[in-house]
Each structure stands twice: as C-alpha cells, then as structure tokens.
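S.K.: For the protein sequence lines, the chains are A, B, C and D, in the order given. Taken in order, the first sequence gives residues 28 to 297; the numbers are from the working numbering. Taken in order, the second sequence gives residues 28 to 297; the numbers are from the working numbering. Taken in order, the third sequence gives residues 28 to 297; the numbers are from the working numbering. Taken in order, the fourth sequence gives residues 28 to 297; the numbers are from the working numbering.
FYI, nobody ran anything at the bench for these hints, they're computed from the structure. Treat the hints with caution; some may be incorrect.
If chains are identical, the list can't say which one is meant, so a pair holds when it fits in one copy or spans any two.
Stated by the list, open to error - The list that follows gives simulated cross-link-like pairs (lysine to aspartate or glutamate, EDC-like), each with its CA atoms no further than 16 Å apart:
| hint | residue 1 | residue 2 |
| --- | --- | --- |
| 1 | Lys210 | Asp186 |
| 2 | Lys109 | Asp164 |
| 3 | Lys244 | Glu211 |
| 4 | Lys109 | Glu88 |
| 5 | Lys210 | Asp293 |
| 6 | Lys168 | Asp266 |
| 7 | Lys162 | Asp136 |
| 8 | Lys289 | Glu211 |
| 9 | Lys213 | Asp266 |
| 10 | Lys244 | Asp293 |
| 11 | Lys210 | Glu290 |
| 12 | Lys210 | Glu243 |
| 13 | Lys213 | Glu243 |
Protein chains: 4
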Amino acid sequence: MSYNLLKGKRGIIFGALDSNSIAWKTAERVHEEGGKFVLSNAPIAMRMGTIKELAKKTGSEIVAADATSEEDLNALVAQSVKILGGKLDFVLHSIGMSVNVRKGRHYTDQNYDFSTKGWDVSALSFHKVMQSLYKADAMNKWGSIVALTYMAAQRTFPDYNDMADNKAYLESVARSFGYFFGKEKKVRVNTISQSPTPTTAGQGVKGFDGFISYAEKMSPLGNATALECADYTVSLFSDLTKKVTMQNLFHDGGFSNTGVSKEVMDHFVE
Amino acid sequence: MSYNLLKGKRGIIFGALDSNSIAWKTAERVHEEGGKFVLSNAPIAMRMGTIKELAKKTGSEIVAADATSEEDLNALVAQSVKILGGKLDFVLHSIGMSVNVRKGRHYTDQNYDFSTKGWDVSALSFHKVMQSLYKADAMNKWGSIVALTYMAAQRTFPDYNDMADNKAYLESVARSFGYFFGKEKKVRVNTISQSPTPTTAGQGVKGFDGFISYAEKMSPLGNATALECADYTVSLFSDLTKKVTMQNLFHDGGFSNTGVSKEVMDHFVE
Amino acid sequence: MSYNLLKGKRGIIFGALDSNSIAWKTAERVHEEGGKFVLSNAPIAMRMGTIKELAKKTGSEIVAADATSEEDLNALVAQSVKILGGKLDFVLHSIGMSVNVRKGRHYTDQNYDFSTKGWDVSALSFHKVMQSLYKADAMNKWGSIVALTYMAAQRTFPDYNDMADNKAYLESVARSFGYFFGKEKKVRVNTISQSPTPTTAGQGVKGFDGFISYAEKMSPLGNATALECADYTVSLFSDLTKKVTMQNLFHDGGFSNTGVSKEVMDHFVE
Amino acid sequence: MSYNLLKGKRGIIFGALDSNSIAWKTAERVHEEGGKFVLSNAPIAMRMGTIKELAKKTGSEIVAADATSEEDLNALVAQSVKILGGKLDFVLHSIGMSVNVRKGRHYTDQNYDFSTKGWDVSALSFHKVMQSLYKADAMNKWGSIVALTYMAAQRTFPDYNDMADNKAYLESVARSFGYFFGKEKKVRVNTISQSPTPTTAGQGVKGFDGFISYAEKMSPLGNATALECADYTVSLFSDLTKKVTMQNLFHDGGFSNTGVSKEVMDHFVE
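Excised from the complex, chain A in its bound form (with noise of 0.2 Å):
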C-alpha cells in the first residue's frame, strides 16, 4: 500500500541491519510513502549487515556512522542535508545493545564497564543524535523524531537486564530533549514501544522466543510485527500527527494494558 504520506520529506534512518529489522521495514516503508533518507549504522555493524541491498531498493545513500561519536553524527548529519538537498523531516533511531547481556552477566552482577558502554550506545546515543541535529538546525519546521523502545522501562521482565535502565533513560530523553526541539524548532519527539519482535538482535536475549509466545498470548490483538511498527512510524512521521509529542507510545497489541488474559490465566488454573 502507499498513500504518498511522506512525499518530499527527507530524513536518516538509523539501525537497518537485516531484513528482520523493524528499521529496514520502516526505511521501505517510508520509500513507498515517498519519502528520501540516509541509511546510518555503525562501521561494525554494517559489515555484518545486508544494508546495501536495502540502500539500492530504496535508492538511498549509506553513511556510515558511530552513534556515539559527537563527530561522526556531525559529520551524518552535515553529510545527509547535502545528499538530500535540504533540511531532514524525519529520523528514526533504533539502536541499542547491552554489553552485560552479549557477555551472559546477570543483571545482579554488572560489570559496570559493559554497563557504561550500553547505556552509551542504547540511550546517550540518541542524545547525540538530537544534539547534533539541534545544534546544525537541521530539522525542519514540524519535523518528527522517533525512537524504538521496550515495556521493560516501565516494568521488569527479568532477561532484559540492564536494557531497561537504557530504555528508561532513552525515553526521557525523548521529553527531556522533545521540550526544547518543541519550544525552538517546532519538531517533535516521541519512541514506540513496540511489542518483543523477532528481529536479529532480539533474539540475542535469553528465552526470548518464550517470550514471544507469551507476550502473543497476553496481547489482546497479538503481537504488533515490524513491518506494523513501520506503518506506525510513517503516521509518526507525516502530518496528521503534528502535535503527538514527548510521548512514549505503546504499539504491542494491548499487552501494555492487560493485566492477565484468559490465555495467560488458562495455565494457572487446575
């Protein structure tokens, strides 16, 4: 489907790695819609990654960049308003990654090095990333900024480790920094939280596709897919949401409200 709902906007699009990733969803998604974009990673990850094809799909540009260096996202940024011919309309960041997690330390028993290092890359990051926009003026007037986040910033599911804490942070960011991108650039600030997806990196934590079932188990209308949380990007992104901003916004299927479905509660009763 394509409703042209992004015609003429231009914007960078962080964390495409696979085709599983809800960040490649979206980047096709937002082409489809009509819209022009940067696709960034890091140097590491895009070794790993396929985003070249998904860069000719979308007839887009690949810059490469550390979201966690002040001069490489100056240099993104810079680079990514020269490529598309103007100042950007939107940004997507979906990146995170906890080091404790990668490394099997419990949440309980942190080495505080990995700590600092995920809460860097996974919530500082998108700091940078605003800060760098902010200061180059690089939004447009009624811009949108969104990034990816999970329910365990408000709740503790147990494997999550210490990504909740970067969550927690990330999100207030988004007011934090939303308040400021609002008063002096009109452009908004908010991060979906979006249902477990089996994604490449999701799969990384433990018991995760256990996970999965429960939380399609829990959810009155299902898990929310990738490729449904780009669609909810794009209405984030165009402009019949204007004034949705500083919002952390649940796009799970209802799991965020239900306190137990019947489903759930079917394996409790004798």
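Position chains B, C and D relative to chain A; hints supplied.
M.R.: Chains B, C and D in isolation, oriented as in the chain A frame:
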C-alpha cells in the same frame, strides 16, 4: 490534503454539533480521506446544531440517537450498517456533558442526580455504544473505535469538576472493552486526550479562555487544534495503526509531559 | 506490635464484614495503635457479618449507613463526631460490589441498571462520603482519607468486569476531591491498590483462586495480605505521611511493576 | 516524636551533607525511632559538610565512600555490618549531581564527559550500592532500600537538565533491582519523588527559588519539607510497608496529580 487513507471504510461519527466541534472537523477529514459515515447526535443537540450542513457537505445521512438509550443505539447501529452497505470500520465517540457544571454546582457540592446523568451521558454511553456494536457484530476485523477525553482524568484541573471522574471512567471502558473487542473481533479501542479546545461545548467550562492561554504556554508545540485532532483521529482509523489498542493517547503539543515551561515560570519569578 | 502511631486520633472505618475483611484487620490494627473509631456498614451487610464481635473487641460503636445515601452519611458523620468526642482524623472506605458480577453478566453484556447500582455503591459512594465530611467540616487538619482499590483500574483483568471502571472512577474521585480537601482543609486523600486478597467479597469473583496463585507468582515479594494492608493503612493514617496526597499507592509485592516473572515465564517455555 | 518504629534496625545513610539535607533529617529521625546506622558520603563532600556533628548527635560512625567505586562500596558494606553488629535493614541513597548543571551547560549543549560523570554519580551509583549489598548478602529479610528522586523523571522541567534523565535511570534501577532483591532476598526497593526542597544541593539549580514558590502554589498541601520526607522514609523503613516495592512514591503535597491549581491559574487570568 488527502491521502485516501480511509477509502472504502465505513463508520459512525457521534457528536458533531457545529463547525467548532472536533467531531465536525473529523467528519470533514474522514470524508476527504474517502471514508463514508453516518452522523449521529442527540435529538436535542441536533435541533441546536447545524449538522445538516455537514451531512450535505459530506454526503452523509443523519441518524438521531440518545447515546444513553440502548434501544436508540441498537437502532442506530442496524441502520448505519444498512445505509452504508456493510459492517463498520470506525467509530468516533465525542460526547460529554456535566449537569453539575451546567448548573454551577461546585465539585464539593454535587447534586448526585446531576452526577449520575453526566456519568451516563459522558462515560457509560461509550460502553453502551460498544455493547451495541459488539452484540450486533457490526464491526469489521481491524476496525478502530476512538473516544475523546481529557487529561483531567489523570490530574486535577479544579474547574473541570465531575467531568474528570467521568473521563477516568470512559478511559477505563476503552481498556476493558478494548480487551474483549480485541480478542474476539480484532477491533481496537483507544482514547485521544486532547488539548483544551475552544469548541462550543468546551466554552461552557468556567475560566476556559484563561485556561486555553495557560495550556498554550505550557505546551512546547502549542495547543492542538480541532483540525489537528481530526488528522490524528484519521491516523487512528487508518490501517497504519492496527496494533495500537487500549491506549490513552495524548494529543496536546506536549502539555502532559511538561512539568513546567519557561513561559509559565516567568510568571513566578520576580 | 504497637507503636502508638494513632494515639488520640478518631475516625470512621467502612466495610468491615468479617475477619477476612481488610477493613476488619484495619480496625484491629488501628485499635492497637491507639486510634478510636466508629464502624459503619450497610444495614444488610451488618446482618450477614459478625461486626458486633469486632466492635466489642475494639471498644467501638457501630453506626449503620447506606453509603449511597447522603442522608445516612450525613447522620453517620454527625454521630461519629459526637460519639468520638471531636472532629475526625482518618476514614477508611472499603466498599465495593458489582451487580453484573453477582448476576453473572459478562462485561460485554451488561445490564445498565446493574452497572449504575454498582457504580453508585463502589465509586460514587466515595464522593458522597467525602462530601458529607467536607460539608460538615468534620475532618481535622492533617487528617487522612483512604479508599481501597485494585489495579484493574489501570489494566484489564477479564473477570474483574465493570469493577475495573468503577475503581477507575473511585481513584479519580480521590484525586479530584483530594485537591479541594487539601487546599481547603489540609486533609489528604489516597487510594491503596491492594493485591488480590481472599476476602469474603473477593471470593465472589470468578476464577479467584487461580488468580490469587497467578498474582503470587508474579509478585516478587508475594501477594500482600489483609493484615499487611492494615499495616500500610496505619502508616497512611499516621503523621509520618502528611504530604502524600492524591496518590494511588500500589501495595502488591511488586506485581504492578513486574512485566513478567521467571515463575510465570516457566509456564510458557517448553 | 518517636514511636520506636525502627528499634533494633541497622542501616546505611548516604548523602547527609549539612542540616538542610534530606539525608541529615532522615538520620536524625531514624535515630529517634531507634535505628542505628553508618553515615557515608563522598570524601570530598565530607570535607565541605559538617557530618561529624550529625555522627556525634546520633552516635553513628562515618565511613567515607565514593559511590561510583565498587571497591569503596564493598568496603563500606563490610565495615557497616561489622560496626553495626549484623546484617542491614535499611539503606537511604540520597546522591545526585550534574556536572552539566554545575558548569552551566544547557541541556541541548551537553558535554558528554560531564553527562557520563553525572549519570555515574546520580544513577548508576544506586545500582552499584545495591550490587554490593546483594553480593555480600548484607541485607536482612524484609529490609528496605530507598532512593530519592524527582518528578522530572516523568515530566520536563527545563532547568533540571540531564538530572531528569539520570533520575529516570535511577527509578528504573529501583524496579529492576527490586525484582531480584524481592525474589531472592525479600528486600524491597522504592524511590521517593520529593517536592523541590531547599537543600544546599538543590539550591545549585538555576531559578530554584522561583520554582519552589511555583511548586508551593501548585501543591494542594504545599511542598513537602526535608523533615516530612524523613518521616515518610521512616515509614518506608518500618515494618508497616513490607509489601510496597518497585514503586516510585510521590511525596509532594499533591503536585504530581494537580494539572493546575487555582493559585497558578490566577496568574493567567486577566
């Protein structure tokens, strides 16, 4: 603008009183986006309003219904399906009224007959509308039901009176019925928590002008207008938001997550 | 245990039915802590219950009152002040009942006379109690009013039926009235959102035993008991919590902020 | 006043700087209630403060510790258990500092070394404290851990800068670690979200006096003082609140749930 987002979709829009109404603007925007609908309002409201103009402009039929009457609502649902030629895809509930406010009763001096009437009209009516739709199996799969609400459901605004409590009930109904409508019919149910809006109804609230101005100063993007609310509602009726359900969605230029703004603080600094 | 936390304080405790009741346990604990009170319940509930035992044990008088009747409540407030010898310091509202649940009506098939009755008893009664106290100027400065509620007000538990919506209204009343009671009388108003508790009333809800067991597994500290709720209420009646107001306070062993527990996930892993 | 609420309980109190500090008032109140504790602060803060007075007054020992140093914290925990003669029952974390604020860097112009240092001191330190306690198995069953936070974690206060994001992280750590501390050790973990308080630290924030006055007008019961916060903390350390965990508890005279007060609105009405 028009994106054809609602092409082929059918629905009911409650509460269009005059051209200041959010429901009126929504009807216009839904029409532009290709949706067809029945307009409904209370018989008495219809006499005061100019809804016929809107019906003419959008090629819609009007079916009067008292939203507190199961009989009226059952008839409305049956007629709407018949008029529109099929099951429904969207419903907007924009109905609210406090007798205590109208009669000038303070929150601490309520007349409980007034309270009950206001609750029935403003809150229980949303359950009644959905129960009629549900029992008649009148909603298509992936349909979308939206009700308008206000942040007084979460935080106290002294002049909002018992409407705060009514809106809290309404938002709870969205979650509770959203669970069953999701599970059984794949229909989503959400509320939009809108900026104070200078509708004809809103203007009845004491000190409303001062409050609009305060909210404008508190909201980083400024207050959301009725037209912007219509746009947002269109996005929630569209296929881009299929997995958003049981949510209360703030559409308020950032007011809800602003603790205080510089503009407001300036009034308190000597 | 006793700390003399409520020495010299006077109040009203609504809803003590039998020794399983939270209100019963609260009466016992308040008595131990030196507080004096009137016990009140609906005339019909008093016939079923064994409240006279409690009155004897705690040296309290019983004043029957229908909590939906302004007349009864006004009389109760006047009598309580007289019996206790002065204005009041604390009030516990532990009243709730859904006719739809009792009559086996599903949430999507409500009888609206039942809904209205249940709302009046469970939710509006809290407003009525406070309005009686407020108009009679019957609360001392720094008094404390508490009502019991349940998390279904925030998230859907399918069997909780229309009590979810009633509790949402009740919690809103706590905020709305709390604003005025705070400003005008320096009285605080809060709700405690308690774990599912095997009271005689709670046991009427379908599948309650399975649910208790599920909640136990979801709560890192286990479910909160009726006695623990009484302790918590004592802390909210005491002078240690003077500036806590308009809050909904979860007393649930952590359930509310647990996304999923390991014990629950174990049911979904093959 | 004294109720003997903490008789026989042992703990650590972080962050008592001078007699304006919430931690200082808490130490005094805990002492009055029969609790014994070790006072801890950063070596540099101890040179500036007058903590020895407090130690003398409360019969406590002082153990200096950099709350960002695992080594210091491990030593502190071991020493505290030794000094106090047994495992601990309570811990207060009252530590926070933003280098960006101190150096006058605007939120949109952060120095990320400053951000990282501030996050480590203000937010990650809470995890480090708990990890030290957890690994040393130094908490008694039904112990209570409290950290102080501020509502900027939920809503933006423009001058609060990156402390907002740090507090969001801190509150998330309370939930995440609270889950494991609850499950494994029956220890509860909560944060108190306190009114703006004229402590020596708080006064460093720009426009603080105007903000205190604004908050006073927004809060139906007025701002909560440092002493009232100490009282509330005592209630959370006591056995009356055993099943309250993973919560962020607003202690703010009702500010958090007040949309606007009459006193504030009066500034916006002509």
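S.K.: Check the structure against each numbered hint from earlier and tell me which ones fail, lowest number first.
M.R.: none
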